[in-house]
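Residue numbers (the numbering used here), protein chains in the order written: chain S, 3 to 371; chain D, 3 to 371; chain L, 3 to 371; chain Y, 3 to 371.
You may find that some hints are simply not true.
Heads up, incomplete: computed chain Y residues facing chain D, CB under 10 Å, no partners named [stated by the list, open to error]:
no.	residue
1	Thr10
2	Phe12
3	Gly31
4	Ala34
5	Leu36
6	Thr78
7	Pro82
8	Phe150
9	Lys153
10	Gln155
11	Pro224
12	Leu353
13	Val357
14	Arg359
15	Gln364
16	Ile366
None of these hints come from the bench; they were simulated from the model. Computed from a predicted structure; not experimentally measured. Even for Gly, the Cβ is constructed at its ideal location relative to N, Cα and C.
There are 4 protein chains.
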Amino acid sequence: MAGSVYGTLFQIMTWGESHGKGIGVTVDGCPAGLPLTEAQVQRYLDRRRPGQGRFATKRQEGDQVEILSGVFEGRTTGTPIAMEIRNKDQRSRDYGDIMDVYRPGHADYTFDQKFGFRDYRGGGRSSGRETAGRVAGGAVAALLLEAFGVKVQAYTRSVGNIQVAPERFDLEEMWQNPLYMPDKQAAAEAEDYLNQVMAQKDSAGGVVECVITGLPAGVGDPVFDKLDACLAKAMLSIGAVKGFEIGEGFGAALLTGNQDNDGFSLDADGRIQKTSNHAGGVLGGISDGSPVVFRAAIKATPSISRPQRSVTRQGEERELEIKGRHDPIIVPRAVVVVETMAALTAADLLLRSAVSRLDRLQAILTPGR
Amino acid sequence: MAGSVYGTLFQIMTWGESHGKGIGVTVDGCPAGLPLTEAQVQRYLDRRRPGQGRFATKRQEGDQVEILSGVFEGRTTGTPIAMEIRNKDQRSRDYGDIMDVYRPGHADYTFDQKFGFRDYRGGGRSSGRETAGRVAGGAVAALLLEAFGVKVQAYTRSVGNIQVAPERFDLEEMWQNPLYMPDKQAAAEAEDYLNQVMAQKDSAGGVVECVITGLPAGVGDPVFDKLDACLAKAMLSIGAVKGFEIGEGFGAALLTGNQDNDGFSLDADGRIQKTSNHAGGVLGGISDGSPVVFRAAIKATPSISRPQRSVTRQGEERELEIKGRHDPIIVPRAVVVVETMAALTAADLLLRSAVSRLDRLQAILTPGR
Amino acid sequence: MAGSVYGTLFQIMTWGESHGKGIGVTVDGCPAGLPLTEAQVQRYLDRRRPGQGRFATKRQEGDQVEILSGVFEGRTTGTPIAMEIRNKDQRSRDYGDIMDVYRPGHADYTFDQKFGFRDYRGGGRSSGRETAGRVAGGAVAALLLEAFGVKVQAYTRSVGNIQVAPERFDLEEMWQNPLYMPDKQAAAEAEDYLNQVMAQKDSAGGVVECVITGLPAGVGDPVFDKLDACLAKAMLSIGAVKGFEIGEGFGAALLTGNQDNDGFSLDADGRIQKTSNHAGGVLGGISDGSPVVFRAAIKATPSISRPQRSVTRQGEERELEIKGRHDPIIVPRAVVVVETMAALTAADLLLRSAVSRLDRLQAILTPGR
Amino acid sequence: MAGSVYGTLFQIMTWGESHGKGIGVTVDGCPAGLPLTEAQVQRYLDRRRPGQGRFATKRQEGDQVEILSGVFEGRTTGTPIAMEIRNKDQRSRDYGDIMDVYRPGHADYTFDQKFGFRDYRGGGRSSGRETAGRVAGGAVAALLLEAFGVKVQAYTRSVGNIQVAPERFDLEEMWQNPLYMPDKQAAAEAEDYLNQVMAQKDSAGGVVECVITGLPAGVGDPVFDKLDACLAKAMLSIGAVKGFEIGEGFGAALLTGNQDNDGFSLDADGRIQKTSNHAGGVLGGISDGSPVVFRAAIKATPSISRPQRSVTRQGEERELEIKGRHDPIIVPRAVVVVETMAALTAADLLLRSAVSRLDRLQAILTPGR
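Given these sequences and hints, build the entire structure.
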């Protein structure tokens, strides 16, 4: 109840600071019998690893995950799955200004206000490094979803004002460029833009889009725990995210009902389908069987090396220049964080949907009837 | 755990369907000693009442709230506050097509998929009428916040593409027009636009903005229960909301770090303040003492009287024309829903922030020290 | 989070005070499709009604339940089931000493300490009348369990030191005497004892036993949410309960491992069964397929008309004589409270057990596989 | 939501199996500013260490705790405190019969029923070793309570039918004997009894008593989250516990109201006190300022080397003789588990009590008023 637990049936608790002993996560509520290996989780973690290109920090984190419990003979046991990533480099060093001066755009000031003091080393608990625990936990959720035929896929939709063009969209291309953009041309333009930004000791933002396919209709709860409401929370819980939208999103505010409504029809097999997907796969907060499509807006990296106005903890004004190398853009590394937070959300609500109907429950719990 | 409970320390559970016996809410966790009357709650409910102008349905709901428990001698007792609004008109009537044909843009189809059947009368639990319970509960939260000097205020920011102009912004004006727009000229233009839309048997959407002032720095929890993450969930849990953004929101994705970062300075009394508020009042998910500013995008009313493509529950294609009068726009009635959901969220996190520091707790729990 | 919510998947929130406008409960998470009527719930409520014999108060409460939501065409819809019992008699009257003097054995003093003041009318929220909400909610849980072939049955096991004799145990007999004792002779002896106690202006306690049959093996979660741990909480949450034990209970502390362990064997159909049931139906907190057998110890009614030492709210010593008629024993009316709290607990954990295995979930969530 | 999370504001999640890589716990919600070292936690863990006397297994576990996060410069930061105890000895070895034959009195059968298979090595997650995580987390809770002047102390009250005599009660003595009995003579008798039991290849049970002193009046929530209800759950969640009672407990069922009620009087300083403590420190589920006194009944160690009737996983009857050394009695090692589970419960409810009154909250949250 201090914000480090996520989910209800499929639940994770994360821990760890940027420059502490490590980062970790414990998954509780993963059903028994799911095949799971460290290598599968590691593949997700590798996608958020820094140092993979010009637009990421050079620090080599390594981030080797170790599964400590909850897996036996290659399958989940139904009991907690603890995973841990030890920090390689925790030497005590000079944190200089960061220790006393509040960095603009960071949580230094608010942590001090909330807790009375803070672990100032590299941002402590408010560091982006905290997301490693989510990614490890979310990898398990993604694997669980796959066992039900559900696939979650995120990618970079825009960098600054350079956007993936629908007509050039090529999902395979996202794996070919360091920005994870599924559009070769947009990726090239975005790289040029980022080079300009970096030359000015500045940073950039962008938008990540995510699509969930294969999710059956009926997932998400009415009223407060709507699928889109839970996804919105999941996205805004990621450090630099400033906005969330599903389907037409903010664009829906500009459409009329006639333009925005999705009709219903029957497919060749007589199954009900929607004639369009302006809604982004949810109606009344419950999945409608169409792809769930949503976006998260990510602000520019707040750590820039230009001088900025600030104050010290002791209450003196001070100009701050942040040293060291920082990602000029968070977006590419956030892609897998968006994807795994979406997986955690969908997995939890999918499990919850299993208990919504008496007839289905009777089929599970009294199979002999 | 089926989505009808909201909040952790300050908690509500809502119930009720559009055409059932009534709508209600129970508040648990409101601290003891808060002055509370039915009239105070009624004022909030009256703001979501339909039939107040051309752009709202003519149905007279009344919506008189009754407080059933938890208040004694004019003050909250610390035990559950049950509130109830009896539905006036629940005559059995002909629901015609709605009973069998899935309305586009509504939750008819997804409720059937989730639960196997549904209360089809007026949308049942997925009706906008469900929000009456939230508003009653949120009114208590808003009154609690006032006891701490915190004020929550929402208003219509745009209707279709007609937006409140910053230079004409006048909060008092919002009470003078049926659209709750704090800009007389924009309200007039929006009314023209809505008349056109109605003439075409169509509907419109818009954006609601909300500002929380007086919230001390330090509210909101790190990682998953960030203030903005909780607000995002609160907003998307409202039926027709398709997007959420805080501060610069989606615009932040277009800014550079240098443009978006808020500096720190000292005010005349030597207190720390930000030099701007692009962040919208949160840093790392924790309130920073500036106004919390966020927006919710609301889609056009899905009930339109034009013919729409649909299918029946039994799996036949059918053209649907929705009869009866419906709001051509939900936005004005959603303003108080946005406001009260924000109040519920802020009240809960404010209470939670009371237990984050040992020194503060010792002051109240070991008074003799 | 102020103690008025019970359960996780099958969840209730109760409200109401002894002399307020009414008592109520909202059930969230009951699966859709369960047949449910007010008459079914009423039957449970009638069992806790006072005024049914010499050993219960004469006040006629009536306690007519009204279902306000969540049921459509005779079946639960999967959305919240609100139920309400209006108090008949809430005339303002003279509460005399109770208003200022703390009654021994009651929560008057502790409510004042916790909340700063209290609704002193008839005990307010700490009145035994609060259990009416639980019983109504628990009736739904009991009916849900029946749909899975699970039956919960409680009865009076002892009154003072008069205990049901195993060799005379006759479940049908419990419906024939006002003490709900399944042993005619013990019931007669207990009535004599109670007459003596009443003649001395005193009161008595006893033990309620409860048996859950038909619960499949595998219900209850390892570690903290063990079936027996949840039952223990359920029982101690009932006002006058001072102890809980399962199977051999406190007697197990006197046995050796060889005496207490239950062996395993095969029944005629080759199914695994235990050779005894000292454990009371749980192993490691998980149901083992045997009957779940537990007991709750209930203290004597604290309201007695003898003079007692007390103090006033204002801090003066005062001798207190409680006027009015009070049950000389709570036990018989507690039987249905024990039974319904057990039903709530078992229903919740039964639903939770549906999501513990991947293979079972795949059968319902990916039916096409 | 699979049973591995305990608490609401002060919350722990535990993980780990008997013969896996380790055991651990993460604490979320500990207020910032509490001094905390590994040595302080280790002192609690050392008390549950086996191999400390004749009546405990010879296996040397070591159990060195490592704090991985949440502590900076010697104080808690308000963010999650992850703690880990690596298992020293996880060599793959021959588990022989245990792999296939269900041990009487253990959770082997029920885990298989619930999850479809299990980690059979040393009991896996259902091993008593699981409690190491609770003890580490509970140590933090105990230290937090001390910061508020609250002390939790458990001890062995009885072994078989040998009970601590009130007139010989000497708390210091408990540290002098391997049974943690605060009565030298009873401890000597209990040792004789255990020697007899061991000679018969059998095992014994007993009762642990626990006292919480210094807890202010007003802790515990009405209705479901009563202090005693939460303690009952805490106790029954410990593997071998079969019963819980508070104050007079089951004895209260034999007393009359006149015998059981505690009167109120004023102490020398005019403060309200009770004239006795039959209630065990709670009235209506809320602490009354007196010591909270409760007991947990613990069954005999189920692992005995005598032949027992059992069946195999494959459904064949088989006689089982459990090899290896096992504690002939769990009680002494359970003392610290009882104590730390009580600390977790009291710490959580103490924090929750901080938000029950508006006046106190205003003192914390708007100190300048």
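These are the hints, each one checked on the structure:
no.	hint	result
1	Thr10	holds, 8 Å
2	Phe12	holds, 9 Å
3	Gly31	holds, 8 Å
4	Ala34	holds, 5 Å
5	Leu36	holds, 5 Å
6	Thr78	holds, 8 Å
7	Pro82	holds, 9 Å
8	Phe150	holds, 5 Å
9	Lys153	violated, 13 Å
10	Gln155	violated, 19 Å
11	Pro224	holds, 6 Å
12	Leu353	holds, 5 Å
13	Val357	holds, 5 Å
14	Arg359	holds, 5 Å
15	Gln364	holds, 7 Å
16	Ile366	holds, 5 Å
Hints 9 and 10, counting from the list given before, are not met by this structure.
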